[in-house]
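Chains as they are written, first to last, in my numbering: chain A, 11 to 275; chain B, 3 to 265; chain C, 0 to 253.
Source of the hints: derived by calculation from the structure; they are not laboratory data. Hints should not be assumed to be uniformly reliable.
[Stated by the list, open to error] Restraint-style ranges between C-beta atoms, simulated for each label pair: (1) 120(C) - 161(B): 54 to 64 Å; (2) 53(A) - 157(B): 55 to 65 Å; (3) 228(A) - 159(C): 58 to 68 Å; (4) 159(C) - 31(B): 40 to 50 Å; (5) 158(B) - 4(C): 46 to 56 Å; (6) 2(C) - 158(B): 15 to 25 Å; (7) 157(B) - 227(C): 51 to 61 Å.
[Said to hold, decoys possible] Here are the simulated BS3-like cross-link-like pairs (lysine-lysine), alpha carbons at most 27 Å apart as the crow flies: (8) 22(A) - 100(B); (9) 100(B) - 162(B); (10) 196(A) - 79(A); (11) 196(A) - 162(B).
Each residue gets a CB set at the ideal place from its N, CA and C atoms; glycine is no exception.
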Amino acid sequence: MADIVFEGVQRKFVQGGKEFLAVGGVDLTVADREFVAIVGPSGCGKTTCMRMVAGLETPTSGRVLVGGKQVTQPGPERAVVFQQFALFPWKTVRGNVEFGLRTLGLPADQRRERVAQSLALMALTGYEDAYPHQLSGGMQQRVAIARAYVLQPDVLLMDEPFGALDAQTRVVMQEELVRLARTNPKTVLFITHAVEEAVYLADRVVVMSRRPGLIREIVDVKSTRIAERWDDHARIEDVMDLNSFVHMRSHIWRLLREQHLGDDQ
Amino acid sequence: MNFSDRNLGRREVAGFAAVGVIAFLAIWYAAVWSGVTPRKFLPTPLEVLSELYRLSVEPFVGYTLLEHLVSSFKRFFYGFSLAVTIATPLGLLMAISKPVRVVVSPIFESIRFVAPIAWVPFAALWFGTGIGGPLLVIFMGAFPPMLINSFRGALYVDRKYLEAAQMLGAGPVRQMTEVLLPAAAPSIVAGLRISAGLGWQSLVGAELIVASSGVGYMMVKGQAGIQTATVMSGMIAIGLVGLIIDFSLRQLERRMGRYKETY
Amino acid sequence: MFLRTLYSGSVLILLVLAWFALTQWTGVISGARFPSPKETIDALRIIFLDGYSNGRLHEHVLQSVLLVTMGFAVSSAFGVVTGILMGANKKVEAVINPIFSLLRPIPPLAWIPLAIVWLGLENSAKILVIFVAAYVPCVINTFAGIRSLEVPQREAAAMLGLSQPVYYLEVLIPAALPMIFTGLRLSLQASWTTLVASELVGAMRGLGSILNQASQDILPPMILVGMVSVALCGWIMTQGLGFIERRAMPWRSL
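Generate the whole structure from the sequences, applying the supplied hints.
Right, here's the structure in full:
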């Protein structure tokens, strides 16, 4: 069972001698194989939350549990897909995807097989010996996702993974991720500031407030998605045309606007 | 006013280059033939070249030019390799480990301003005329740039690579060898070039003072006998070898640039 | 920041203590190999008060520093001007390049024997070698600096209808200034190293001569005094240049 539990999680930062609260106090449960997106204004702490699940940062109070165990450090069972890809430029595609498997201690032939599978899943077969700089942004991010998937992680953490891509590539990647998530469901925590993306991909959308980050509202998307049969439409633009989609998106937008209104007050 | 300095065609470049070379040779010959400089002090270019040839076949102060060069290069190579072998991992270590940095930094900063050549007296005292002497001097010349470049290269590695490696389960050793080292490689290779240049310089300096073979020694003996052509031949030989070393390292640098675009 | 100086200070203090311990207190390292603090202080006193190698410490320092400054100033002036001419005019570059590329790989120290043949052991020989040492980095870096002016900026200058002198003084050279100073810094280091080497080979006075004499007399404490003086002077001059650099380029956050 790979669920994510935030128990009273707080994160303080010290900058320039002053202390401030990045994450104010979060209690959240992501069920096993549930796809949860977190949206919120810049600086609301959403990325920090993900990094605490990843083990790249620790809460100053409260704790984060994955599969019942408290998170203390990073590891391949909580795979991360970074916004800037973070592929190793000096390794080939195969080298990058294989890197984490060596930690898991798999023998060479098993590694080769898993890498081939993962690359096929991300439509990268044939690019095994290419270097990252030879690939487009979209392809590089696919390698990053393949690298995460190959680990067969308990939990998948994605930090604005499509943020560095151009608009059209972004849409293609969103469609692919949906396809992947529906056929190969995993526990996913997805950070984004693009509301449409969140509504399209997630089962639930968590809306966070501005600093100090607190959960403003959790919107259940899945029931609407199933009721209104969004998955009948293969193309993203057809889904985004549906009234139910538009309503949901606008609702979340209004919640976010409240947060931004705080700037003027 | 013409602001765009247009690029010259290949023929033009060759033409101007020829002008430069001819002017240089003309001035040289003029100085020799006019008698402004005593013949002993300034041989003609041709005499220098013929001396260069003579030294490659006839031994001078014990060895031919090539043997002297090999002797010099061996010393350089040992000193340089030692410096690189110690400085590279030490620099990486300093970048990731605060305790190491705190201990090494002050020691390094105090010693690095001593000109490498100033180590010659102690080198002579401790090692006599053995290879240890020049080795120490070369090491002292080649070590600082290597350490600095290795340290800075690793320090400025983007955090995201280390985080990705940690996420993928790599321990500190793998992080150092499989992430830090490749990521710092461009800086390290640039350091190699600077280091080699300084090391080769230091070698020449050391050989001028404490050696019984090698190109520097050859030049000193030539100078003592006012054999200017010999001295100049030595200079040419040293310049050539230095050029070859730098060229090889520049090739290495270019090969590293294969995946440099994404840095 | 404070912690860092505290750590560095403690490490250095530990080193000094180790120095005392290994030489004076236990004698693990004999005085023939490395001087003890006491011997070094004695040597320092001698050279400061009575003099060593034909002069007292400040006389040596003055001699060396003066020579370096003279050589460096003349040479870097020539070097910067050459670099500007080569950088601004591709024809000049084409003419000078072959000879420059031929002479450049020859390390300055390799000029010492030739300088001695031509000029003996006088100061002029040392200035010649310093000239060679300081000239090359200045030319290379100034050249690179001039060439670093980007096309858009050049076009802006053309659009503004600048005259040649104004273009040089207010656009080209300021743009090249950071790299010019890099060249000056390298030149100064090279000048200093080369001078010490020349003095080591043969000189009556100067810091290098201290090292030479001490080496011949087999006097480790004096060698140490010489080395520390060399390092200190080198450091001070580098700091001085850094000071000038910051003043010359107030628009840079150095």
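Verification of the supplied hints:
{"no.": "1", "hint": "120(C) - 161(B): 54 to 64 Å", "verdict": "holds (56 Å)"}
{"no.": "2", "hint": "53(A) - 157(B): 55 to 65 Å", "verdict": "violated (27 Å)"}
{"no.": "3", "hint": "228(A) - 159(C): 58 to 68 Å", "verdict": "holds (60 Å)"}
{"no.": "4", "hint": "159(C) - 31(B): 40 to 50 Å", "verdict": "holds (48 Å)"}
{"no.": "5", "hint": "158(B) - 4(C): 46 to 56 Å", "verdict": "violated (23 Å)"}
{"no.": "6", "hint": "2(C) - 158(B): 15 to 25 Å", "verdict": "holds (22 Å)"}
{"no.": "7", "hint": "157(B) - 227(C): 51 to 61 Å", "verdict": "violated (29 Å)"}
{"no.": "8", "hint": "22(A) - 100(B)", "verdict": "holds (24 Å)"}
{"no.": "9", "hint": "100(B) - 162(B)", "verdict": "holds (19 Å)"}
{"no.": "10", "hint": "196(A) - 79(A)", "verdict": "holds (18 Å)"}
{"no.": "11", "hint": "196(A) - 162(B)", "verdict": "holds (24 Å)"}
When the structure is compared with the earlier hints, violations turn up for hints 2, 5, 7 and for no others.
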